[in-house]
Amino acid sequence: MSMLNLSLPPLASNLVKSRTTTTATTTAQQCYIHPVVLFSILDHYLRRNDNQERVIGTLLGVRSDDGRVVEIRSCFAVPHFETSDQVEVDMEHHRSMFSLHKKASAREQIIGWYATGSQLSKYAALIQDFYSREAAPFGAVHLVMDTELTGGQLGIKCLQGAAIGAGAHPENCLFLPLAHELQYPDAELTALQAAADSAEGEGIATLISDMEQLEKTIEELRCMLARVSAYVDDVCEGKAEPNTVIGKYLMDMLAVVPKVDTKQFATLFQSHLQDILMVAYLTNLTRAQLNIADRLQRIA
Amino acid sequence: MADTGKQAKPMTALLNEEFSLSAFDSSAVPKKLLSVLDVEKKMSLESVKVDPLAILKIAKHARESYPSEVNGQLLGLEIDGVLEVTNAFAVPTQPGSEDDMTNYQIEMIQCLREVNIDSSVVGWYQSTRLGDFMQKPLLDVQASYQASPNSSSVVLIHDTSKSEQAGNLSLRAFRLSQTYLDLTKDGKLTTKDMLEKSLTYANILEELPIEVETSSLAKALLSELQWPANADQELLESLQRPSSFNTKLRARRLADRSAISDDTETSSDALDNSLSGLLPSQPTAYLSRPMCTNALDLSQGLNGSSSLARQLEGINDLIDEHIHDANQWMYWKRGEAKELNRRQQYVQRKATSNAARLARGEPAEPELTEKELDKMFRVLPEPSRLDALINTANLELLTKGITQSRGPALTKMFMAQGLHESSA
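In order, the protein sequence lines correspond to chains A and B.
5 is the number of the first residue of the first sequence in my numbering; add one for each residue after it.
1360 is the number of the first residue of the second sequence in my numbering; add one for each residue after it.
If you are wondering where the hints come from, they were derived from the structure by calculation, not from laboratory data.
Warning: the hint list may mix true and false statements.
Computed far set for chain B versus chain A, every beta-carbon distance over 10 Å [stated by the list, open to error]:
1) 1452
2) 1495
3) 1709
The calculated label-pair distances, taken between Cβ atoms and stated as ranges, are [said to hold, decoys possible]:
4) A:220 with B:1427: 57 to 67 Å
5) B:1478 with A:215: 31 to 41 Å
6) A:232 with B:1672: 34 to 44 Å
Remember, it's a predicted structure, so these values are computed and weren't measured experimentally.
No residue lacks a Cβ here, since even glycine has one placed at the ideal position from N, Cα and C.
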């Protein structure tokens, strides 16, 4: 019997080690995107130079301490120039924009970069390498938007780079998909809603008042209720296939409707009504006073 | 016959045309070109057109630094009396020297110009918390923006808390009126001026209508956000997650969706708490599509929530100030009247004594000129009415806002009642 002793060559073992350590600390697992980023990218694409196929830019945002959760909050455009055999990215512009950005919102760091187009640029690995160094010690996130609308979709994708091959060559990079989710803070939701209103018609809409908004929302709520009750009726009559998950969800929804005693409700309702009417009365009174004062001054 | 008639007409028409060309007729210029010819800037702004990108940037900036008030610059173009705002950028809030600020803005605009973004400043934006934005500093800044004769700049006011509470974007565009600008050039404002130029609290600012314009690509994005391709799949998946999702979602919503969560949740109203459960979670959050159902949120708006209470407190302070101003002015007015009275009496005394002297055959004392009289009876200058005017305008603004917000609140109350009756 002979013994065979295997050991990795020193260089390779180093490589393996370093790679495992880097992947353990730097890869993100979840990515949140704010809608303003997507709008910025589209705006940048619309304002591109002649004969320019794709645009790129820097993504900014915040990370959790361990770098696993990434939140892309804003971005800015970076001019670049691409030919069949070389690519130039305006690093100076990137740096000066970042330092300017830092003054207004100090918390945001470099997260990665975005590009438009249906396919990855062939220089994507090179640019990824640059941004990984900018975002070190974390990995850079790459966001792709298909502005050519292949298949009628904008196909928003989040990718992150992983080293591939034995040596660390900047031009070798494997892009792995990264789970992403859009985030809609309430304040931005209202803005998006106004934009959605304008998108329905000619592309232009005036802002509506709170009362009109409430009316619209109630109308939408009624539509939803009608849809749900139609579905429930269908299930009861055996027309639609029952789904336990949806059923459970509906049960949960119904369970949270609070049971308020009718008497108690009446008193609460009355007192609130009085509050509201009083506030309205007082503010109207104040306005009338101001108006009278103004008119008296003019007579005098 | 018909032919000759036809031919005759063009001839005269041609003659007329030549005539009108020689004497420049502005009505013949296409409407699009009028603004180009308008060198003296006589045309006034009619409306403001804002790109969703600019609104989102403003909303984000305002939300992130809520509750402190922030501002930034608007970039865009003015065409035919319509101010198009296509982009915006934040201005740092931390105190820096004036030079730093200017440098920052110049550098930022230069950088943005490199990527073909409109580089002309068309105004600025300011976030507000309680809606009482009508204040001296804001008016002064806007006055400096409008100082150059051909600058058509606006100020956009964004109210984060109101947007979130009402579930409706609260964005308003304002310009200072020309009368206000003319009267406040030297920083003093008298009642006489105000009356002559008919400047009241209602016409300090002119509000411009805002339109939102979306590009075609942005429309594609919006429709994709509203109806994601795999929406049904996502919905089912999210429903399959552990069933405590209601509380989870609510917790998450409070933690990161709303800038004003701590603001509204502190109100410990019984009805609020019992009713806020009526619309416990936003099903749309599962679909991750942009639809704000806050308008229906009963915990916000219906109540005497803390933000309304704070607004009322603000109104109280403003009324106190208003009374103080009024008293001060009355005091001055009384002083003036007294002084004028004394002056009149003096003149009368002088006249009677002169008459007596003449009767006795003595020479009359020389009449005092107006100037000398002015010297003897000094009337204090009127205190500037500017602060009082702005205060009144602010008061009017706040009360109007509250009055308007009562309508939706009442509607929601009765909606809750209807629901209660149907469920009971």
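Okay, residue 1478 of chain B versus residue 215 of chain A on CB: inside 31 to 41 Å?
holds, 39 Å
Residue 1709 of chain B remote from chain A - nearest C-beta pair above 10 Å
holds, 30 Å
Looking at residue 1495 of chain B again, its CB stays over 10 Å from all of chain A?
holds, 19 Å
Checking a non-interface call: every C-beta of chain A should be farther than 10 Å from the C-beta of residue 1452 of chain B. Is that right?
With a cut-off of 10 Å, residue 1452 of chain B comes too close to chain A, as the shortest Cβ separation is near 8 Å.
Pairwise beta carbon distance, residue 232 of chain A to residue 1672 of chain B, judged against the given window 34 to 44 Å
Because 43 Å falls inside the window, the suggested range holds.
If you check the beta carbons of residue 220 of chain A and residue 1427 of chain B, does the distance land in 57 to 67 Å?
Distance hint for residue 220 of chain A, residue 1427 of chain B is violated at roughly 32 Å.
Against the hints set out earlier in the document, violations occur for numbers 1 and 4.
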